[in-house]
Amino acid sequence: MTELALRLFKFPAIRILRISPLVPIALLPMLALAGFILVILWVSFQTGVIGTAQAQYTLDNYRAVFADPLAYSSLLNTLVFATATTLFAMAIGLPIAWLTERTTIGGKPIIYGIMTVGLLIPGIFVAMGWTFIAHPRIGFLNQWLVWLFGLDEGPINIGTPIGMGFVQGLNLAPLAFIFTVQMFRAMNPLLEEAARIAGLSFTATLRRVTLPLATPGILAAGIYIFTVGIATFDIPAVLGLGNRVYLFSTYMFIQTFPQEYVPRYGITASIGTAMIIVALGLTYWYGQVLRRGSRYEVITGKGYRPKPIDPGRWAILCWACIGFYAFIAKLLPVTMIAFVAFSPYVAPPSFDMLSQLSLSNFYRINWELVLRGLRNTITLMVVVPAVVLCVSFCISWLVVRSRSRARYLLEFGAFLPHTLPEVLFAIGALLLALFVLKDFLPLYDTVWLIAIVYVVVRMAFATRAMNGALLQVHRELEEAASVAGLSTLRTAWRVVLPLIRPTMFSVWIWTMLLVYREVTVAVFLTSQNSITLPAIVWSYWNAAGMTEASMVTLLMITLFSPLLVLFWRFGRQGGMASG
Amino acid sequence: MIVIPADPGESRGRAGIQELDRNLDSRFRGNDEIGPATSFNELLRQDNYRERDKVVIRIRNLEKVFLSARGPVRAVQRIDLDVADSEFVVLLGPSGCGKTTTLRCVAGLERPDRGTIEIAGEIVDSVSEGSYVPPDRRNIGMVFQSYAVWPHLTVYDNVVLPLTEGRYRIAKNQVRERVLEVLSLVRLEGLETRPVTDLSGGQQQRVALARAIVTRPTVLLMDEPLSNLDARLRDQMRLELKRITRSVGVTALYVTHDQAEALSLGDRVCVMNEGKILQVGPPQVVYANPSSRFVAEFVGEMNFISAKVIGPAEAESLLGRVRCSVPPACQTGSEVTLAIRPEHLSLSRSRDEYHPAIKGKVVGINYVGDATLFEVEVGGAAIRVKQPGAPVFAVGDPATIVLTQDSWHVYP
Chain D
0 MTELALRLFK FPAIRILRIS PLVPIALLPM LALAGFILVI LWVSFQTGVI
50 GTAQAQYTLD NYRAVFADPL AYSSLLNTLV FATATTLFAM AIGLPIAWLT
100 ERTTIGGKPI IYGIMTVGLL IPGIFVAMGW TFIAHPRIGF LNQWLVWLFG
150 LDEGPINIGT PIGMGFVQGL NLAPLAFIFT VQMFRAMNPL LEEAARIAGL
200 SFTATLRRVT LPLATPGILA AGIYIFTVGI ATFDIPAVLG LGNRVYLFST
250 YMFIQTFPQE YVPRYGITAS IGTAMIIVAL GLTYWYGQVL RRGSRYEVIT
300 GKGYRPKPID PGRWAILCWA CIGFYAFIAK LLPVTMIAFV AFSPYVAPPS
350 FDMLSQLSLS NFYRINWELV LRGLRNTITL MVVVPAVVLC VSFCISWLVV
400 RSRSRARYLL EFGAFLPHTL PEVLFAIGAL LLALFVLKDF LPLYDTVWLI
450 AIVYVVVRMA FATRAMNGAL LQVHRELEEA ASVAGLSTLR TAWRVVLPLI
500 RPTMFSVWIW TMLLVYREVT VAVFLTSQNS ITLPAIVWSY WNAAGMTEAS
550 MVTLLMITLF SPLLVLFWRF GRQGGMASG
Chain A
0 MIVIPADPGE SRGRAGIQEL DRNLDSRFRG NDEIGPATSF NELLRQDNYR
50 ERDKVVIRIR NLEKVFLSAR GPVRAVQRID LDVADSEFVV LLGPSGCGKT
100 TTLRCVAGLE RPDRGTIEIA GEIVDSVSEG SYVPPDRRNI GMVFQSYAVW
150 PHLTVYDNVV LPLTEGRYRI AKNQVRERVL EVLSLVRLEG LETRPVTDLS
200 GGQQQRVALA RAIVTRPTVL LMDEPLSNLD ARLRDQMRLE LKRITRSVGV
250 TALYVTHDQA EALSLGDRVC VMNEGKILQV GPPQVVYANP SSRFVAEFVG
300 EMNFISAKVI GPAEAESLLG RVRCSVPPAC QTGSEVTLAI RPEHLSLSRS
350 RDEYHPAIKG KVVGINYVGD ATLFEVEVGG AAIRVKQPGA PVFAVGDPAT
400 IVLTQDSWHV YP
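Quick mapping for you: the protein sequence lines, in order, are chains D and A.
Residue numbers 0 to 578, in numbering that gives the first Met the number 0, belong to the letters of the first sequence in order.
Residue numbers 0 to 411, in numbering that gives the first Met the number 0, belong to the letters of the second sequence in order.
Looking at chain D on its own, in the form it has when it is part of the complex (with noise of 0.2 Å):
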């Protein structure tokens, strides 16, 4: 019986507790999340030599935050860089969206091939490629151009937030798409049709019908993708920290781990919950839009689609800023690591370079920690998607399959780990491990504390996943084996696995994919023993030591290719909206 019965004292007999199993192990991350918190918390007041009784508690910190003017230049970088990025990829990804699902243009799998792949293909090796195409001083862009009109100095800078607005927006974009076509395929046509027979043109009804009826979708994946972007480390970690263009999470990061002194945890938990407040408020107001906008939603009935608009001519250009966007936002970069991976040093490409590639790259790395890091990145990707699945099922269960009100509060806090930006999980598992755990649980400098955060950033949409899946077996097949006979552990066996099968196998596969590309927590809690690959990659950068970075992208790309085809060919059911 897994029902999580709270029933209160009744006349005649007196109700017994009876608690599911499954409780304590869907209570775990929750536990966790809720010690991530806390201790942000708790550090943020601190001063002095923190977590002893030494320590004053005091605003200082705040204080510090509000009275340094790098935080708010900080605070100025991350909003106009958030807004670029929104901006950049919903002007990619919104007229794609349209034209896929509004149009008969031809080759439609491939543009959901493009849109999805471009997901799990990291960020941090676009914005390495884009510094070798558009970096002020190594881009081979800006060099072309200085060498073509006899400019002083390159006119493009990737740098700015702006332009690391850009290249987030290229990363983000299929997130864009993704959200849209969804909003897309809730609306109901017939409302356009409607103004077309009342004879308002093509552009009127774009203007008084469709867009009006598209703005909540179109505002809540603007929300979203906002979110994520104040929410980055690795674009502007890459493109930013070299020119000491700051943003919140890169300056979060240099009071971590400074170079010239002591790391000032205080200040970086103090500013964590500020982060915690201004994230909680974007979430409310991404709910509120969310459900202004389903009052538009109709139920349009069995099997009506809306008729497509057939693009004529303009298909081939259509299709040419498609594949424009592919090759600046994929193809590109990758290339230009490719081609600076073989290099001796970062250059333009030319005729001359072309003779100077080799492997010596490849001889030069660190093997032992590649190796070091590729058994760590393993570890994380056999264990991190296994605790995910199991702890996602406990939780989607309880929460679809009990009659208990305590089963909002477990959704609301499988959820929230999604509305919390990742840099904070990672200092929040930091604290805990240098101040709390310290003694009695060592995890500080081990893979298992990466782990951890993992599981716990990985649940939110492991468990939004299950709770579609198993929404979908209908109480009554449970019903049906229990009066047959079947005890509730051969039920789960024999009739809810098999049925949800697909669906535990695509979270699987790309909670999996996302353990390997994942740079921020990694970054924020990398150690000798347990840095990862993506994290290695960063430390090679990080020292300018480009080159070597390169190669080993290009080592990580080739290995976990087989995944790409894996996922390819597996995970792709199941409607995976974002990572």
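Honestly, the hints are just simulated from the structure, not real lab data.
Glycine included, each C-beta is placed from N, C-alpha and C at the ideal position.
Treat the hints with care, since some could be wrong.
Estimated spans, in silico, between C-beta atoms of each pair [what the hints assert, rightly or not]:
{"#": "1", "chain 1": "D", "residue 1": "L440", "chain 2": "A", "residue 2": "S67", "range": "41 to 49 Å"}
{"#": "2", "chain 1": "D", "residue 1": "Q471", "chain 2": "A", "residue 2": "L66", "range": "22 to 30 Å"}
{"#": "3", "chain 1": "A", "residue 1": "L66", "chain 2": "D", "residue 2": "W313", "range": "52 to 60 Å"}
{"#": "4", "chain 1": "D", "residue 1": "H473", "chain 2": "A", "residue 2": "K171", "range": "29 to 37 Å"}
{"#": "5", "chain 1": "A", "residue 1": "L66", "chain 2": "D", "residue 2": "F414", "range": "20 to 28 Å"}
{"#": "6", "chain 1": "D", "residue 1": "Q471", "chain 2": "A", "residue 2": "R186", "range": "27 to 35 Å"}
{"#": "7", "chain 1": "A", "residue 1": "L66", "chain 2": "D", "residue 2": "R291", "range": "28 to 36 Å"}
{"#": "8", "chain 1": "A", "residue 1": "Q283", "chain 2": "D", "residue 2": "R291", "range": "56 to 64 Å"}
{"#": "9", "chain 1": "A", "residue 1": "Q283", "chain 2": "D", "residue 2": "F414", "range": "53 to 61 Å"}
{"#": "10", "chain 1": "D", "residue 1": "L440", "chain 2": "A", "residue 2": "L66", "range": "40 to 48 Å"}
Take the given structure of chain D and dock chain A to it, following the hints.
Structure of chain A alone, referenced to chain D:
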């Protein structure tokens, strides 16, 4: 922390069922010349005739309250019911009357707030004693409205799962025989290897039925199993259901909102409304003598006319003076409601001296093939009259309703 007190009666009951099974098996093995399906039915029928007076399902004081957003909903309010061995009892009522909740309490899928439920002599749910036997240990079979056949398994696997994974497993060498026997009983031979999702609705319903009876349960519970089928199929399946449960001889509790189904299937019909049982009895009795206005209205068609009692066996209504049996509770002068079935009235062009009649005008015709339901306006009230055959009156024609004696019901 799972705390379920052990039920003292449980081990006794299980031993009893095992003994019955052993008896059947030994007699089965002795009868080699009879084919499997027939001998199984024969044996059960012989056993059942001997134990006809035994009560298999005993419900006492059952109460269930649901907490909804609008406050507590009293789904079942203190009902008592007995179902005898091999009896087919139908719970009939409108949506929300508590019939499904009652069935699910008997199945163990709901926990009541008050009362006791006994199956085959052992207490399976008792609120006062705090005992509860979960559904997988009650040896029941259940057919759901949505069939609930397991979509990832074949027909054979669906029916075999209770025998191989449930608590009522049988010896491995007998499994295949039992499954095929039950499949031929529901007329699905030859379809064992089909994925169950390839079957039609009616066939899936039969798989669900086969699965429910394959463990030879004490009790068969059915929750509106025919309501998802289309009309024609529903009528056919009704006859099938009757035949199968009769031949297997299992005790059945059936829930429906369709009164025609209830009347044709049940040995006894139990009419429920708003969580209470209004009347229990054989179908003919419930139809001919409904005990309350609700039952009269719900089971079959009924005309209602307000009247005033003017004598010990007479009442005055807008249809004139009517002879009827007045219940003792209603004294002369009290306002009552008269009720009569449309088939107990007839329409004619003119009146004769032998029967009381009243003139009216036909305002509606509802022709259903074998009969016509006329709506006749008399003195401001619309009276429905049922005549066999095609309509002989047109809308607007004057017609005379002929009143038959002794078919009136009187409700206070």
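How the hints compare with the structure:
1. L440(D) - S67(A): 41 to 49 Å: Holds, since L440(D) and S67(A) (Cβ atoms, about 45 Å apart) stay within the stated range.
2. Q471(D) - L66(A): 22 to 30 Å: holds, 27 Å
3. L66(A) - W313(D): 52 to 60 Å: Holds, at about 59 Å.
4. H473(D) - K171(A): 29 to 37 Å: holds, 31 Å
5. L66(A) - F414(D): 20 to 28 Å: holds, 25 Å
6. Q471(D) - R186(A): 27 to 35 Å: For R186(A) against Q471(D), whose Cβ atoms are near 31 Å apart, the range 27 to 35 Å holds.
7. L66(A) - R291(D): 28 to 36 Å: holds, 30 Å
8. Q283(A) - R291(D): 56 to 64 Å: holds, 59 Å
9. Q283(A) - F414(D): 53 to 61 Å: holds, 59 Å
10. L440(D) - L66(A): 40 to 48 Å: The hinted range 40 to 48 Å holds for L440(D) and L66(A), with Cβ atoms some 42 Å apart.
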